[in-house]
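So you can see what is in the structure, the chains are spelled out below.
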Amino acid sequence: MKAFLTVFFKELIMFFRSWGLVAVVLYSFTVDVYIAGKGFEVKPKNVSVGYVDFSNGVISNKILSHLHSPEFQKPVRFLSEEELKKALFNRDIMVGIVFDSDFEKDFFEKKAKLNVLLDATAAAQGYVTLAYLQNIVLRFGEESFPVELKTHKLFNQNADTPKFLSLAEFLSILTLITVILSSVVFVKEKESGTWDIMLLMPVDSKIIILAKSFSQIAIVMIGTVICVGIILFGVFKLPMNGSFTAFLILTLLYSFSTSGIGLFVASVAKNMLQVAQLSVIIMMPIIFLSGSWTPIYSMHPALQKLSLLSPLRYYIEGCESLFFRGTSVFDLWVNFLALFILGVVLYMFGFRKIGKLF
Amino acid sequence: MIKINVVKAYLKKEFSELVRSRLIIMVYLMPSMILILFGYGIKMEVYNVRTAIINYDKSQLSYRIISAFEHSRYFTAEVVNLPEEKALEMMKRAEIDLLIIIPESFEKHLLKGIKTEIGIFVDASFPFRGLTIQSYAEGVLLKEAQEVLQSRPSIVINHRNLFNQAMRDENAIVPGLLGIVFLVAPAILSALLIVREKERGTIFNFYSSPVRKTDFVIGKLSLPFLLHSVNIFIIFLWAAYLFKVPFRGNFFIYWITSEIYVLISVSIGLLVSIVARTQIVAIVLTVIITIIPGFLYSGIVMPISSMEGEAAVEAHIFPVMYYNHIIYDTFLIGQGFSSDKNLFYFFILIFYWLFITVIGVLLLRKELR
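Read top to bottom, the protein sequences are chains A and B.
Mapping of the first sequence onto this note's numbering: residues 1 to 358, in sequence order.
Mapping of the second sequence onto this note's numbering: residues 1001 to 1369, in sequence order.
Don't read these hints as lab results, they were simulated from the structure.
Note that the structure is a prediction, hence the values are computed from the model and not measured.
Some hints could be false.
[Stated by the list, open to error] 25 Å max Cα-Cα, derived SDA-like pairs, lysine to any residue:
hint: 1; chain 1: A; residue 1: Lys150; chain 2: B; residue 2: Arg1160
hint: 2; chain 1: A; residue 1: Lys85; chain 2: A; residue 2: Glu109
hint: 3; chain 1: B; residue 1: Lys1092; chain 2: A; residue 2: Lys270
hint: 4; chain 1: A; residue 1: Lys150; chain 2: B; residue 2: Ile1024
hint: 5; chain 1: B; residue 1: Lys1086; chain 2: A; residue 2: Leu130
hint: 6; chain 1: A; residue 1: Lys74; chain 2: B; residue 2: Val1019
hint: 7; chain 1: B; residue 1: Lys1112; chain 2: A; residue 2: Thr151
hint: 8; chain 1: A; residue 1: Lys305; chain 2: B; residue 2: Thr1076
hint: 9; chain 1: A; residue 1: Lys305; chain 2: B; residue 2: Leu1343
hint: 10; chain 1: A; residue 1: Lys150; chain 2: B; residue 2: Glu1314
hint: 11; chain 1: A; residue 1: Lys85; chain 2: B; residue 2: Pro1246
hint: 12; chain 1: A; residue 1: Lys86; chain 2: B; residue 2: Lys1092
hint: 13; chain 1: A; residue 1: Lys270; chain 2: B; residue 2: Lys1112
[Stated by the list, open to error] A short, non-exhaustive set of chain A residues, derived as facing chain B with CB atoms under 10 Å:
hint: 14; residue: Arg77
hint: 15; residue: Leu79
hint: 16; residue: Ser80
hint: 17; residue: Asp92
hint: 18; residue: Ile93
hint: 19; residue: Met240
hint: 20; residue: Met284
hint: 21; residue: Leu306
hint: 22; residue: Leu308
hint: 23; residue: Leu309
hint: 24; residue: Ile354
A virtual CB, placed ideally from N, CA and C, is assigned to each residue, including glycine.
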């Protein structure tokens, strides 16, 4: 135990002595998450619209008046289709609407066509904007339509992206920092040749490895508390519908299994350049398979099986459930268990691979 | 003037070190991996949405709606005989993403023209996915209702998707990924090449030798630049042949812009290595200052034209936006330099590169701090 604590505190002191590193880690957990959360929206917001109106009618004006903030910017009028196209090609506007000269007449004969030009390079907004436009036109044309869709967006009523994105950014920073920090503590010693001396000490190598990793986990946990407390709760007003303690325990388990990945990287890498590249290469599939980009149920069945190996999958699901859905801890036991098992397996590998001389 | 011999010596030394440590494989593996994984990984469409339907009506029309959901590849629908609270409980446990409630005597009301309501509950803890699911579901329901009522809408939207007719996710995302790939990979490599010497102490060779700053910088940075110049072609092949993104523009413009962009990235690496003293700081710093703007301010996830306030300002500060504008043009639009905006952005990139490099060379000290 004494050996464990000595190594543990040695690493902590080493970390806090390196001001640059402390600054970078602090920056990542605060400013970076803030920028990412504030930075952008994925839903159609502020979409730039341009139009050409040959009909000069009441109906076209009425339709345009439905395009308002926050979803749309004030539509810009163009005098000819060429000008409209030029603006689209320069990507100054995203949606171009053309009203034919017969538009109003056709409208009363129920055969009006609305020509919409969409910059589909922004496919994400493209899909949703189009659906939105269709809805506006439909509701506009069919005021007597007897079916009303009552849509409730649960857990995040306004589909607030900053809330979600700040959380997502926090998750990726946490993953990145944990993997890099916990592999670097080993590789640094490997590079300077002191790792062999560590192993020659009359202390169980497992204890040294654990102490080194847990010192980095401790650093990450401090970062987590700062980030969640100040940025997520303070700035972005994230709800906490579940139990905060459960979140902390889940984070602990997650950083345990991620530092296991760091251990794996450390056992393969010989110098820091390799750490940098290996950790990027290993982390990308983990992020990719976690369901943060493509929902797991939309993936190819083989990938769905593989995604069971991504610790981020369990953590994201757990975090979303705890923050937004307010799921009870007992319904999340799978996530806790899976993270624990993944961590233990990775550590077993690490013990064997770098816990031995030569 | 530049001393060619010094530059050559540095190039040779760095190159042989990179080959000996087999890191050269990584130089070529990492950019391709980023492109392939994210190119396949980022999908805006959602399939097999786990849907639960509660049917209180049990009429022909409600069964028709259910079968529309069951036959759509976007949904994996299931009729559940549960009270609403139980179904919402399922959503709370993240077992379903969409819940649709068809009220009693829905068909009767509809045919009589009395207003009826269908309840749609979407799990929006993943906001964009939630919105997409919502628009799919509303689309299916409205379409069915319209067909039953045989009411024709008075306005039909006749939409054309410019630049990406089929609305392929790959076409929209892969060109944007180039902006990330060529920003992250060269920057990491060039940052580490200098910081490594600092950490090992071999930087003193440079401090004490008569090598000049400019020669040192050129010598150190040409290797990442040359290696990643090859990547410009490799990445192009992936994009054009693996992801089948159409290429409508001028290849020369693609090539020259990418070279300048790699130069920008390499000089960002130079800036990082001036600030950082240890390799770990350099790695984390580079990843953070390149990946985040690479994603956020590149126009992939949010079009530049919809940004406002801070975001718009920040987007204009980073080089990604300018590069991506030209790259999207070369791939999907094909206006080339006949568009003033492309030409303007191209000069901004050149200016950007000169600016960063000059700052880097000025800040680099040739003495012990």
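Right, here's what the structure says about each hint:
Distance check on the hinted pair: Lys150/A and Arg1160/B sit about 30 Å apart at the alpha-carbon level, beyond 25 Å; violated. This hinted pair does not check out: Lys85/A and Glu109/A have alpha carbons roughly 29 Å apart, beyond 25 Å. For the given pair, Lys1092/B sits about 45 Å from Lys270/A by alpha-carbon distance, which is inconsistent with the 25 Å threshold. Of the pairs offered as hints, the one joining Lys150/A and Ile1024/B is violated, with about 57 Å between alpha carbons and a cut-off of 25 Å exceeded.
Restraint check for Lys1086/B and Leu130/A: not satisfied, since their Cα atoms lie roughly 34 Å apart, outside the 25 Å limit. Taken as a hint, the Lys74/A and Val1019/B pair is broken in the structure, with Cα atoms around 57 Å apart against an allowance of 25 Å. Distance check on the hinted pair: Lys1112/B and Thr151/A sit about 23 Å apart at the alpha-carbon level, within 25 Å; holds. For the hint linking Lys305/A to Thr1076/B, the alpha-carbon distance of about 18 Å falls within 25 Å, and the restraint holds.
Taking the CA atoms of Lys305/A and Leu1343/B, the gap is about 48 Å. The hint is violated against a cut of 25 Å. Between Lys150/A and Glu1314/B, the direct Cα distance comes to roughly 38 Å. Violation of the 25 Å bound is thereby established for this hinted pair. A distance of roughly 20 Å separates the Cα atoms of Lys85/A and Pro1246/B; the hinted pair therefore holds under the 25 Å criterion. A hinted pair counts as satisfied when its Cα atoms are at most 25 Å apart, and Lys86/A with Lys1092/B does not qualify at roughly 48 Å.
At most 25 Å may separate the alpha-carbon atoms for a hinted pair to count; Lys270/A and Lys1112/B exceed this at roughly 76 Å. Checking Arg77/A against chain B: minimum C-beta separation of about 16 Å lies over 10 Å; hint violated. Here the hint on Leu79/A is broken, as its CB sits about 19 Å from the closest CB of chain B, past 10 Å. A hinted interface residue such as Ser80/A counts as satisfied when its beta carbon comes closer than 10 Å to some beta carbon of chain B; here the least separation is about 17 Å, so the hint is violated.
The interface hint given for Asp92/A holds, since its Cβ lies 6 Å from the closest Cβ of chain B, which is under the 10 Å cut-off. Below 10 Å, beta-carbon pairs count as interface contacts, and Ile93/A has one with chain B at about 6 Å; its hint therefore holds. The restraint placing Met240/A at the interface with chain B is violated, with a minimum CB-CB distance near 13 Å, outside the 10 Å limit. Among the interface hints, the one on Met284/A holds; its C-beta lies about 5 Å from the nearest C-beta in chain B, closer than the 10 Å criterion.
Nearest Cβ of chain B to the Cβ of Leu306/A: about 12 Å, over the 10 Å cut. The hint is violated. At a threshold of 10 Å, the smallest CB-CB gap from Leu308/A to chain B is about 15 Å, leaving the interface hint violated. Hint status for Leu309/A relative to chain B: violated, with the closest Cβ pair at about 15 Å, above 10 Å. Given the 10 Å rule on beta carbons, the hint for Ile354/A is violated: about 18 Å separates it from the nearest Cβ of chain B.
In this structure, the earlier hints numbered 1, 2, 3, 4, 5, 6, 9, 10, 12, 13, 14, 15, 16, 19, 21, 22, 23 and 24 are contradicted, and the remaining ones agree with it.
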